[in-house]
Amino acid sequence: MEHLFNSKISEIETHLIDFYTEYGITRGQSSKIATISGFLSIFGSLTQQKLHELTKFSIGSISTNLNAMLSMGLIEKNIIKGKRKLIYSYFLSETFYDFEKVISLRLKYSSEFIEFLQSKETELNKQSDNNTIEEFIENIKEVKNYLQKFKAILLNFKDFKLE
48 MEHLFNSKIS
58 EIETHLIDFY
68 TEYGITRGQS
78 SKIATISGFL
88 SIFGSLTQQK
98 LHELTKFSIG
108 SISTNLNAML
118 SMGLIEKNII
128 KGKRKLIYSY
138 FLSETFYDFE
148 KVISLRLKYS
158 SEFIEFLQSK
168 ETELNKQSDN
178 NTIEEFIENI
188 KEVKNYLQKF
198 KAILLNFKDF
208 KLE
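So the number in this note's numbering is just where the residue sits in the sequence shown, counting from 1, plus 47.
In case anyone wonders, no lab produced these hints; they're calculated from the structure. All clues given are correct.
In silico DSS-like links for lysine-lysine, alpha-carbon gap of 25 Å or less:
1. K103 to K124
2. K103 to K79
3. K103 to K130
4. K188 to K167
5. K79 to K155
6. K132 to K97
7. K155 to K196
8. K191 to K173
9. K155 to K191
10. K167 to K198
11. K79 to K124
12. K97 to K128
13. K196 to K167
14. K97 to K124
15. K155 to K188
16. K79 to K132
17. K188 to K198
18. K167 to K191
19. K155 to K167
20. K103 to K132
21. K97 to K79
22. K188 to K173
23. K155 to K198
24. K130 to K97
Starting from the given sequences, assemble the full structure and let the hints guide the process.
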């Protein structure tokens, strides 16, 4: 049973990464930066080696793109305690983003992704009955449900002010 659960998570991660990549490209990002951004968004913090394993990009390419993201203030790097390895994480400084803008952007992206999933679900529903298609439609519904919950959480934070 755990194997099925892991494969569903992996499938959802793949769809999310594909979305991040497509969305990033439409916004003028390189596909590599968009893909790296997607993995950092999903996992929070990753080493260059783990990014290499996940993306299959060369270490040099990952390093170049991480340095570009560092120079834009999008991520930060820290040393893993007790090791000589660096870990990269999303970092949104107050000078680069304010909290409300981050929440608004996440809401916008979530809404756009839900619309994208809805269009794919509609497309698939028009095709002949097939167990694989039905399973895929169920996966789409699960991701949409997750994103609706994510949006609800973000809406709760949208009006939150730090004092």
